[in-house]
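Peer 1: Letter by letter, the chains look like this.
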Amino acid sequence: MRQQYALRTQLVMAVMGFVAFAIIFQIVRLQNSYVTPQIKANELNGRTELQTIFPDRGEIYDRKGHLLAGNKTVFEIGVDLTSVKYPETIASAVSSELGIDYSKILSDIHNPAEGVSYVVIADFVDLHKGERLKELKEKMKLDAKNGGIGDLTGLDFKAHPQRSYPENSLASNLIGFVNREGRGYFGIEEKYNDLLAGNPVKVLVPIDPNKAAEITHVPNGTTLILTINRDLQAAAEQILDDALKTYGAKGGTIVIMDPQTGELLTIASTPRMDLNQFWEYGTIYNNASDFNLAISTPYEPGSVLKILTMAAALDSGIVTPGTTYLDTGSILVGGAWIHNWDGKAWGVQDMTGCLQHSLNVCMATLSTQMEATRFYSYMSNFGLGHLTGVDLSGEAAGRLKTPGDSDWYPVDLGTNAFGQGVAVTPLQIMTAVSSVANHGRSVMPRTLYAMVRNERQYNTTTQIVGSPITEATADTLSEMLANSLEFEGSAALVPGYRLAGKTGTAEIPVNGFYDSTKTNASFLGWGPVDDPKFMIYVWLKEPSSSIWGSETAAPVFAQIAEKTVILLDIPPDNIRNQLVQK
Amino acid sequence: MNIQNVNHLVQAYKVAPWRVQRQWIVNLLLAVLATAMVATLYLDVTSKAALAGREIQNLTAFITESQQRSGDLQTQLASLTSASVMEQRALDLGFRPVKSDEVEYLIVPGYVAPEPDILSSTSIPQLSALSIPPEYNESLFDWMDEKIVSSSRGR
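Just so you know, the sequences run in chain order W and Z. Just so you know, the first sequence maps onto residues 1 to 582 in the working numbering. Just so you know, the second sequence maps onto residues 1 to 155 in the working numbering.
Keep in mind that the hints were calculated from the coordinates and are not lab data. Since no wrong hints were added, every one of them can be taken at face value.
Covered stretches of chain W, going by a simulated chain Z footprint (3 or more residues, C-beta under 8 Å): (1) 3-11; (2) 56-70; (3) 162-173; (4) 229-239; (5) 484-496; (6) 564-574.
Listed below are the simulated SDA-like cross-link pairs for lysine to any residue, each with C-alpha atoms no more than 25 Å apart in a straight line: (7) K533(W) x Y111(Z); (8) K344(W) x L326(W); (9) K533(W) x V112(Z); (10) K99(Z) x T246(W); (11) K211(W) x I56(Z); (12) K245(W) x V98(Z); (13) K541(W) x Y514(W); (14) K85(W) x K158(W).
We treat Cβ as the ideally placed atom computed from N, Cα and C, and that holds for glycine.
Put together the whole structure using the sequences plus the hints.
Peer 2: Written out as C-alpha cells, the structure is:
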C-alpha cells in the first residue's frame, strides 16, 4: 500500500517536473530565438505609432445650405522600403496608372535618402486612380499566392482630404482658395483660416488595444455658413460678365448688401478663377489687390459720393430739401475753377435738383459752406479712409486727404464733395451710405452668417458701427434720392418698386491729369425705399460704349435689382403695402 | 481488540509518512488549480478587454474613413447640383428665367417668411464603446460599491 502511494507520488512529481522543465526550456528558447530582438523592439516602440492625422478642413456653405467649399478624398502613395519585395513591379504599376516616369520611381526606391524607410511617390492622387491601384495590389497578392510572380507588397496608400470647390469659379473672389499645404489665401479661406483649418497633426497613436481610450481626437475645422445667396451670386456674375461685353468695360464689380443687417448677399468681381485650379492664380491676377475689386481696390467714386455730401449738408442744417441756389455753371474753390459735368449753368435748383442733375458746382458750394473741418468730420464719420471691418482678407482702407496732410490742397474741399480726389472701395461707400438707407445707422458689412463647431451653431449678429447722421436726415435724403430717380426717368428704375440711388461717373487720373475719355461708371441704389432689403453697388471700369454711369451702370443696376427682388421674394410695393395693412 | 489498540492504529495512520506526503501533494495541486483558475479568468478578461480595445480602434478608423467618404460624396453631390449645372438642366427642360412682372404674389394670412436655412449639425455616431459591458473596466470594488448603492436606493 505504502509502495503504491510512493509510486504514484513519484509519477506525479515526474510529470510536474517535466512540465516545469518544459516551461523553463521554452523561456530559455524564446530568450535566445532569432525573433527575440524584433519582439523586444516591438515591445519598446510598438506601443505607440507616430501617425499623421489629416482632420477635415471646415466646409463653407451659402445661406441656403449650398456647399461652396468642401473636401474630397485623395491618396498619398508611397513605398515602405522595409517591406518592398519587387521594386520593378511597383514602378511599373504606378507608372502605368499615374503616368509617372518609371525610372524615376525606381530610382526613388533604390536610392532613398539616408535613414529614410518610407518614400512618397505621389501625393494628391485622385480617389479613383488610387482605388484602382489598391485593387491591383490585392489582385496581385492573390495571384502571388497562386504561384504568380511579383506583387506590390510595400506599396502604401494614405487617404487624406483635399479642398474642393464644387461651384468652381462661382464667388471665387470672396471665398479665396487653399493651397496644398493647407493654407488659405484671400477672402474667407484666409480670413477664417485658423477656424477652418484642420491642419495635419503628427501624434503618437497607441497601438496597444488596451490603450484604445488614449487615441488622440483631432477635431475637424469649423464649418462656416455665409450670408451669400448662391443663386443671386450666380445671377450677379452673369449680369456683370454680360455688362462687360455690352459696354466694353475692362472690369467691374457688383455688390449686394442688406443695409439693415450688413449681410453681404453677393460680391461679384472680375476676373474670376476656378478655385480647383488655384495654381493658375499668377496667370490671372497681376496684383493681389485685383483679386476682389469690391474690397481691395480703392478708386475715385465720382458722383456717388454726392449722397454723403448732401447728407452732411442736410444733417448740419445748412440746407433743407427745398433750399434753392443759383447754378452759374462754375465755382472758384482754393484758386481753381470747378465746373459741372456738362460745363453748363443749370439756373435755380433745389437740393433734389442738385442730386437729380448731379451738379458738381452745387456740391462744391455745400462743402465750402460747411467748411473743411465740418465736412471732413462728416466724411470721417461715414468711414471714408477707414477699414469697414468686413470679414474678408485683403481689405484696403482707401484715402481721405484732410487739411494738414502734405498732399491736401484747398481745392480738394470742392472736388472731394463730388467724389474726385478721394479714394474709396465699393464696400466702403456702401457702408457709408447704409446709414442713409438704414435710418441714420451705419452697419458693418459681413459675410459670416454662422459657424458650426462641436455640433453647436453660433450665429453672428448685426453690428452698428456708427450714427453719422440723424434718422430724420437719412429718411429725408432717401426720399430726395428716390424722387430724383423718378423725375429723371432713370434707367435704374424697376417697375413696381420704389428705389433710391445715385449714378457716378469719375474721370480716371492718368499721369497726374484727369482723362475725360476714361471713367469709372457706377451706380449705388437700394430699395424698397420704405423698408430697404437690398443695397446694390455697380462699378464698371472704363466702359468704352459710353463714359456715363447713367448709360452703363444704371441699366446694369436695374437688371440685378430685378433679379434680386425675384430671388429674395420681395413683392412689388403695392402688394407689400397690402400685407402691411393687414 | 481493545480501545487502546484502536487508538494506536488511528494514531499510526495519521502520522504515516505517505499520508503526509499525499496531503502536501494535494495542497500543492489545489494551489496550482487555484492559480490556473485565476490565470484563466485573468486571461479571459484581458483578452476580452483587448478585443474591445481593438474594436474601438477599428471603429475609430472606420469613422474617419466614413467621414472622409461622406465628405467626398457630399462634394460630388454639390458638383452635380451646382448653380451652373442646375441652370443648364432647367434650360434643357424648357424652363426660362422668370421676369419680375410675371411673378404673382399671393397674400396668405399667417404666413411667416422663412429664415435662412441653417445646417443642422450632423450627429456624431456613438462608438460601440458604449456597448462594452462594465465588467471590462469595472473593478471588484467598483462592482460591490455599485451593488451597495443600488440596493440602498432600492430601499
